[in-house]
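Below, each chain spelled out in residue letters.
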Amino acid sequence: MPVTMDTMSNSGNNQNQFSGGRRLALGLGVAGLAICLGLGLSQREAAMEAYLLAYLYWTAVALGCFSLLLLQYVSGGRWGLAIRRFLEAGASTLPLMAVLFIPILMQLKALYPWADPEVVAHDELIQMKVAYLNPTAFAIRTAVYFAVWIIISRLVIRWSRKLDAGDDPAIEARTRRLSAPALVIYSLTVTFAAFDWGMSLEPHWFSTIYGVIYAAGGALAALTLSTVVLSRVGPKGPHAAFMKPETIGDLGNLMLAFTMFWTYVSLSQFLIIWSGHLPEETPWYYVRLHGGWQWVGLGLLGMQFGLPFLLLLSRDRKRNLNRLAGVAIFILVMRYIDLYWLIVPAFTDTLRLRVLDVVAMAGIGGIWFAVYLRSLASAPLLPVRLTRDATGGGDHHG
Amino acid sequence: MATEPKVEKFDSAVLRGRHSYDTVTDKIASIVLTRNQPRAWIFGAAIAFSLLMLFLYTAAMVVAKGIGIWGNNVPVAWALDIINFVWWIGIGHAGTLISAILLLLKQDWRTSINRFAEAMTLFAVACAGMFPLLHLGRVWVFYWLMPYPNTFALWPQFRSPLVWDVFAVSTYALVSLMFWFVGLIPDLATLRDRAQNRAAQIFYGVLAMGWSGSARHWSRYETAYMILAALSTPLVLSVHSVVSFDFAVSVLPGWHTTVFPPYFVAGAVFAGFAMVLTLAIPLRKIYGLQDLITMKHLDNMAKVMLATGLIVIYGYAMEGFMAWYSGSPNERFMMYNRLFGPYGYTYWLLLLCNFVAVQFLWSPRIRRSTLGLFIVAMFVNVGMWLERFVIIVTSLSRDFLPSSWAQYHPTFWDTGLFIGSIGLFLTLMFVFIRLLPMISIFEMRDLVHKTGGGSPRESAENKRK
Chain R
1 MPVTMDTMSN SGNNQNQFSG GRRLALGLGV AGLAICLGLG LSQREAAMEA YLLAYLYWTA
61 VALGCFSLLL LQYVSGGRWG LAIRRFLEAG ASTLPLMAVL FIPILMQLKA LYPWADPEVV
121 AHDELIQMKV AYLNPTAFAI RTAVYFAVWI IISRLVIRWS RKLDAGDDPA IEARTRRLSA
181 PALVIYSLTV TFAAFDWGMS LEPHWFSTIY GVIYAAGGAL AALTLSTVVL SRVGPKGPHA
241 AFMKPETIGD LGNLMLAFTM FWTYVSLSQF LIIWSGHLPE ETPWYYVRLH GGWQWVGLGL
301 LGMQFGLPFL LLLSRDRKRN LNRLAGVAIF ILVMRYIDLY WLIVPAFTDT LRLRVLDVVA
361 MAGIGGIWFA VYLRSLASAP LLPVRLTRDA TGGGDHHG
Chain G
1 MATEPKVEKF DSAVLRGRHS YDTVTDKIAS IVLTRNQPRA WIFGAAIAFS LLMLFLYTAA
61 MVVAKGIGIW GNNVPVAWAL DIINFVWWIG IGHAGTLISA ILLLLKQDWR TSINRFAEAM
121 TLFAVACAGM FPLLHLGRVW VFYWLMPYPN TFALWPQFRS PLVWDVFAVS TYALVSLMFW
181 FVGLIPDLAT LRDRAQNRAA QIFYGVLAMG WSGSARHWSR YETAYMILAA LSTPLVLSVH
241 SVVSFDFAVS VLPGWHTTVF PPYFVAGAVF AGFAMVLTLA IPLRKIYGLQ DLITMKHLDN
301 MAKVMLATGL IVIYGYAMEG FMAWYSGSPN ERFMMYNRLF GPYGYTYWLL LLCNFVAVQF
361 LWSPRIRRST LGLFIVAMFV NVGMWLERFV IIVTSLSRDF LPSSWAQYHP TFWDTGLFIG
421 SIGLFLTLMF VFIRLLPMIS IFEMRDLVHK TGGGSPRESA ENKRK
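For the protein sequence lines, the chains are R and G, in the order given.
Counting along the first sequence from 1, when you hit position 122 you're at 122 in my numbering, and nothing is skipped either side.
Counting along the second sequence from 1, when you hit position 198 you're at 198 in my numbering, and nothing is skipped either side.
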């Protein structure tokens, strides 16, 4: 039996397992945010733009973790068990992201044209949407999104911990019953969150698939992050029984599927807008295909789709955790570049690279990881009861 | 045939009862290799065949007199012909999803439904293909759609998704046909070996292509089947995405929206599963196949239907919100017109079928009741047809130019052709049930082996007999 009670109790006692990493992450985060704040006093807009970009990246990861957590309860499968705790850790950063939204709310005018009464007064098109695009409605909607996400994620995480403590099989059934409707609620809230936070940066533009693109990108980021974490803590921890090539291969296949889905929705959006050639829609792509941005766009096609796609076709690579984690890290970086191309052209017509963007990424990312690791340390890295079922109950097919 | 209790008890088995290799083979093969058919088959086939006559009559008239006898006219230049095309091609998608994607995902429960779902795909694609062909007017020059060297400088417009459709649909039909036929070969050999009369032996013998069941044959078979599954998988997405591009690349409000490709694909799978349920529920009852197509199958199919149905509803929600959010008067009018225009009732009916009716599938009690499921599936069949009607006719009838607005009124030749195409579909289905095993015999034997239903000794004894 690969997993003994001994290794399990070891893993349960991992309160200070990540203490070094947590301290480092927290230090980096506080320092990064302090620099952002300091620079923000003199260059408010630059600081806010960098902050929003980093915020959207880490929120996408947190929401991706949340959605995959719900999805694996609905779909089942060993891959879900193997990364369930990592997904829970990601979802448990949602309260943090709610708090980190406050600076954005305070500086709406620096980011969103519709938040500026001067702009609205001279823009008929925005006036048509003012019932939706106004600071009060924006704040209320954001509060509702986070309330829903936090309540559901806390319930799911708490039930999962309870399942570890006792042997009440009813809890798992209850979680599964919650997960399906929760996914429906999630898909609607994340869509409108993406419309609010990202799409409304260019308030004239609209696309019905925008929410799906943001959510799919987040799910891909969450999956790759979980794979990377698995490759770091897995070999030492209680995951030994779950490190089978088939389970790793499932993660690789999911990664390939999400990569293709991201490409499918992104490219079909482009094709439809390019083909329609309407003045309402093309400016969004016009900016992103000029002034240097076109190279980023082309790069995305090659590096967010082409390269991972080719690498993930190999069955051997998908079944080797370390090699898969290499691809995963690459995709995580590309997720940032994709978001950069999606968001930053709203602020500037020409390609620019700012140190501040990196600083903000480190700032929010550091604090995000501190919370993530604290959550990871608070429970065994594998759901104990289910592990016992899976390892004791023989090798199930599939 | 065992008498079925009113409410079947639900268990999660994909194979019920005590079955050995022989009993499943007998059960499935005997449906084909017998002189007697259930009265339901004769009755159903007679109705289907009459409707096929209607199809042949209307199609012949359309070819002879030209498509002017349809109700289509500017601005509604596309109507029932393309609605029916999209409806039928969508229905086919469930078969491909079940046979290819569920195979790659190692979902055992696909085994007993894949054969007739694939047949359904082929017949649905055949019906779908009729409409664009007939809409050409001069059917006999259909090959002009293909890029080939010719003397009149004719070359397809490759920027048009309608040209992509030609390739997407013909690829789809060919791959589906190969997939289906390759999957049939071992069973055709079984029928060849079991057939009692000479004609049947020759018929199945020729089709079985010399299959002897040797280890080498099986090994090659497995490889070929997996390759075809991998080839079919992208087709599930690509065919209906291209169909959605037919509309989305234009600038017409109600057609031009970026959510269309995934929303059309989900709608296709949704409609397809509804049709599989529509066929499976009566079939298992008439032929007593409740042990092979169990409540677990129906429950799983209902779940897929619920999930894809919710994606479709997401599409409706996005269309509705974005029509307002765009701030464009044309977009906003399109949505208003959909809800309250002259065709408004079709949109409300659509919401009843695809939104309200589908919510019943959340309840395990409905999912596990054959009658409840059948009713929901019928609602979805109607709803998905209405969806295409709403998208196509409502948008076209009131486009940018109010002076050219006009209502569309289908003629007898429109509706006759549509009802006739159902006859074509059902006739092919009835012939298929009569001539070929509707459930894969050897895959069921494999399932018996995997679930341990037929212990090796029991089967060995049966074989000796």
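Hints may be right or wrong, so weigh each one.
[What the hints assert, rightly or not] Taking lysine-lysine and the DSS-like style, the derived pairs with C-alpha atoms no more than 30 Å apart in a straight line are: (1) R:Lys244 to G:Lys450; (2) G:Lys296 to G:Lys450; (3) G:Lys285 to G:Lys106; (4) G:Lys303 to R:Lys162; (5) G:Lys27 to R:Lys244; (6) G:Lys296 to G:Lys27.
[As the list claims (entries may be wrong)] From chain R, some residues computed to sit far from chain G (all C-beta separations above 10 Å): (7) Val30; (8) Val99; (9) Phe101; (10) Val144; (11) Ile150; (12) Thr208; (13) Ile329; (14) Val355.
[To be verified] Far from chain G by the CB rule (all over 10 Å, computed), these chain R residues: (15) Arg23; (16) Tyr132; (17) Ala180; (18) Val212.
If you're looking for bench data, these hints aren't it; they were derived computationally from the structure.
The structure displayed is predicted, hence computed values, not measured ones.
Glycine included, every Cβ here is placed at the ideal spot set by N, Cα and C.
Comparing the hints with the structure gives:
{"no.": "1", "hint": "R:Lys244 to G:Lys450", "in the structure": "holds, 22 Å"}
{"no.": "2", "hint": "G:Lys296 to G:Lys450", "in the structure": "holds, 17 Å"}
{"no.": "3", "hint": "G:Lys285 to G:Lys106", "in the structure": "holds, 27 Å"}
{"no.": "4", "hint": "G:Lys303 to R:Lys162", "in the structure": "holds, 28 Å"}
{"no.": "5", "hint": "G:Lys27 to R:Lys244", "in the structure": "violated, 40 Å"}
{"no.": "6", "hint": "G:Lys296 to G:Lys27", "in the structure": "holds, 20 Å"}
{"no.": "7", "hint": "Val30", "in the structure": "holds, 39 Å"}
{"no.": "8", "hint": "Val99", "in the structure": "holds, 29 Å"}
{"no.": "9", "hint": "Phe101", "in the structure": "holds, 22 Å"}
{"no.": "10", "hint": "Val144", "in the structure": "holds, 16 Å"}
{"no.": "11", "hint": "Ile150", "in the structure": "holds, 23 Å"}
{"no.": "12", "hint": "Thr208", "in the structure": "violated, 4 Å"}
{"no.": "13", "hint": "Ile329", "in the structure": "holds, 27 Å"}
{"no.": "14", "hint": "Val355", "in the structure": "holds, 35 Å"}
{"no.": "15", "hint": "Arg23", "in the structure": "holds, 43 Å"}
{"no.": "16", "hint": "Tyr132", "in the structure": "violated, 6 Å"}
{"no.": "17", "hint": "Ala180", "in the structure": "violated, 8 Å"}
{"no.": "18", "hint": "Val212", "in the structure": "violated, 7 Å"}
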